[in-house]
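A.B. asks: Chain B is fixed; fit chain H onto it per the hints.
Line by line, the protein sequences are chains B and H. Under my numbering, read the first sequence as residues 1 to 382, first letter to last. Under my numbering, read the second sequence as residues 383 to 966, first letter to last.
Hints listed in this document are in silico derivations from the structure and should not be mistaken for laboratory results.
List time: in silico DSBU-like cross-link candidates among lysine-lysine, alpha-carbon distance up to 35 Å:
#  : chain 1 : residue 1 : chain 2 : residue 2
1  : B       : Lys155    : B       : Lys67
2  : H       : Lys408    : B       : Lys41
3  : B       : Lys112    : H       : Lys912
4  : H       : Lys818    : B       : Lys48
5  : H       : Lys584    : B       : Lys129
6  : B       : Lys117    : H       : Lys818
7  : B       : Lys117    : H       : Lys748
8  : B       : Lys129    : H       : Lys960
9  : B       : Lys48     : H       : Lys912
10 : B       : Lys29     : H       : Lys827
11 : H       : Lys748    : B       : Lys29
12 : H       : Lys827    : B       : Lys22
13 : B       : Lys34     : H       : Lys396
14 : H       : Lys818    : H       : Lys912
15 : H       : Lys912    : B       : Lys41
Computed list of chain H residues with no C-beta within reach of chain B, every gap over 10 Å:
#  : residue
16 : Ser400
17 : Lys408
18 : Val419
19 : Ile423
20 : Val454
21 : Thr526
22 : Leu581
23 : Lys584
24 : Ser624
25 : Tyr820
26 : Ala886
Note that beta-carbon positions come from the ideal geometry of N, C-alpha and C, so glycine has one too.
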Amino acid sequence: MTELLIIVAIVVAVIAIAQVVKIFELANKIKGVKESDITDKDNDTQGKLLLTFGILFMASFFVMTAKWNHLLLPISASEHGVEIDLLMNISMGVIIIVFLITQPILFFLSYKYRGRKDRTATFISHNDKAEIIWTIVPAVVLTVLIVYGLQTWSKIMDRSDLDDAVVVELYGKQFDWTARYAGADNNLGAANVRFIGGLNTVGVISESAYAKQMAGLDNNIAKAHVQMSEELNANKRVKIEARLAKMESKKSTLTALVSITPKDLLEAAEDDVVVKELHLPVNKTVHLKFRSQDVIHSAYLPHFRVQMNCVPGMNTDFVFKPTITTEEMRVETGNEAFEYVLLCNKICGAAHYNMQLKVIVESEEDYNKWMAEQSVFAASNN
Amino acid sequence: MSEHGHHEENFFSKYVFSTDHKMIAKQFLITGMTMGVIAMIMSVLFRIQLSNPGEPNPLFELFLGDWAKGGVMDPNMYLALVTIHGTLMVFFVLTAGLSGTFSNLLIPLQIGAVDMASGFLNAMSYWFFFISSVIMLISLGVETGPASAGWTIYPPLSALPQAIPGSGLGMTLWLISMTLFIVSSLLGGLNYVVTILNLRTKGLSMTRLPLTMWAFFVTAILGILSFPVLVSAVLLLVFDRSFGTSFYLSDIMIQGEVLSNVGGSPVLYEHLFWFLGHPEVYIVILPALGITSEIISTNSRKPIFGYRAMVGSILGIAFLSFIVWAHHMFISGMSPFLGSVFTFTTLLIAIPSAVKAFNYITTLWKGNLQFTPAMLFSIGLVSTFITGGLTGIVLGDSALDINVHDTYFVVGHFHIVMGLSAIFGMLAGVYHWFPKMYGRMMNKKLGYAHFWITIVGAYGTFFPMHYLGLAGLPRRYYSNSAFPMFDNLQDINEIVTVCALIGAAAQFLFLFNFFYSIFRGEEAVQNPWKSNTLEWTTPVARIHGNWPGEIPSVYRWPYDYSKPGADADFIPQNVPLKDGEEEH
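So that you can see chain B by itself, here it is in the shape it has in the complex (with noise of 0.2 Å):
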């Protein structure tokens, strides 16, 4: 029944365009002028118009700056993010200006110059002088702002001095993240797609993983075997034996992982802390690295001007130093509640929306007491 009315309401709307149209038509007709010809009257009209609505573009951006300051990002919580924020706001600074000197003109001289059948334009062709201000001006500036974004870029990209870095592995999937911590040596261990399994859900590869998990398909090749000497029907023994040869190879898989992997990563990996929570300490310098499971993420933490791609098959990574603590920053924001959150900003599927992650800053007392209540690799895969 909607339906029917929307239609009925389209049907009529038309009709009654096709009306007015076909009024004004006959209007002109009276009056002897075509419709199409663009009169004074027009001229003045839309001229007026266009600067009127110059004057409440402009009017507008002022408001919605004024009105929507508040809810843009709030101060950075990085070290490199103030750099981050002092080129955006000069580059905003250029930009604004520009805008505001152009559009102006743009919709004023389309006011001046409104036609009038008794004036002629000027001809003016081309003027070598403006044209060239025109050229090197620009320039002149971008170059400044070219030369001051390499400069900012270069310091943000800076991995010469990783020393004292806390270590942290964020691990996307469809739909959410896991971090890894390098544990008490600091150092971070290997990890494969292929090493998955259990409760090793990033796929770690260490000693200890690897014994469980050969184990784990030791035992279920043995109750195969069991399976197998008990079947009598055809088909099912093929499936078994197909369960039985994919067991093999995930075996050889595993054990040619192993043999691959230098011995100190092993070793290392038996300490790191695998943890559904990003905890940082304040004030220190904080390397991220990005692995992906399935699809492209990207790791997004907007408070700290943080982002980087997570690609499967690649290691990406970011480095930056937290500077404001969450409890810091509720009373900067001034909200009782806020937190801050790592997300994805790559699409990867139905419930991009909504993975996310928690960040903690605080203070490195804090973080060393909370990182001394989780449990090390080796004992949580356990």
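C.D. replies: Below, chain H without anything else, positioned relative to chain B:
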């Protein structure tokens, strides 16, 4: 030779399998408009979802059926809608619909040729586009849904049906459709380049070409050089999807199963895709800029300011567009050094773009502006081109991109600079050349109403998105309700949706005007806008072969408006120079 092969035709050879460039242009336009309306309705649907997240809406059930059971949109369908909206708008509307329409219509008319170099290739180009459109539309109806990995279809998401249902049959159809689309685009592009180079009439040197021709010429070259790279990206993706190769896939576990692929890299795909993808945005915008140059000059009754600089900036933008693609990938994990290089080249593009903007504004200065609907849309384009171009300075800077990448700041930026500018250029072109296409005029008053509602709706939709982006809101989120930090952005989202609805409604005014005027519009005169270019020397009747007699020769550039000492305020290109008259 006075007969240029004008002959009697039946319905099919005239309207369907025509090889006449003017008919093919109309075919491109109508198909492009159809796809545009579909893509626009999709955007209305997902805008409603974003302003009323999770709320049931009977419209959803009406349009999406089982994908919105009880009127609640499925998240997978949301992603499918944004994917297909992007694909249709970028390729089907703003590439084929814009370039295909106006290159076909104007190239032979403005250079003084009876038709394209190869009418047959031209018809083929349309029919490949048509089949491609049909396949894309069919993909909307498959059971697992259409492609839903974003219009950039990054693997592994686009390669694995286990990752998202849209990567099943829907993605296969998407890939087939796009391959056919590229064939169409290449056939068309080659034809345009050859025609402009070889078939110019006597006296029409390259330096006397209208800026529309320069824009279409360079656009066609961009397409020829970049689309083949997308073919290779698509083919490798097809191999990965169907034949077990590992170009883009490595170390993946999905739905509890480890895939055997090793050694591939999604970043390779990103490079291949954006090697087309970035020139593509100029393939979209340059024709619009060319159209506007012509319309602004004609309706200012003044030469375009700095013709040589305008040509130079088109060439400069085109060259640079090939060496900036990785600015879409600053945080993809590629080397930070590459990030520096691409920041540098990207920001350079602002220089020729600034020259264009300043030259447009100066063309208005001391003009005698005739506000046709086409002129209004052209002025609108200059405004959006400046607004959107400026925020590009932020996004092109690798250090700043870190925090706004893939947020609504980007959505606002590219919709204004490329979406709105290109659509405004296309609409301006339709209003301006409608008399050449149909021999009738579009209704002026409806045109005015269309423009004013559109520009208010469009800016109201996309300008506030910058604030959403600066608040950290990611794009392609089905709902913003999963994060408390976005709760207070609800008001802005509602404003955006209302403006989008207003803007979308205004387009029906245009559609009505368009179809009404084809049949009932006021009859056109030969040169309604008192323009200089050659297309206005052809008869209103739009005959096969374009000119009934000799093809006119050209004696001057196309911008002799209000030239001192002339009788009228325009001198068509086919009027010889007077004794002692200097060429501009």
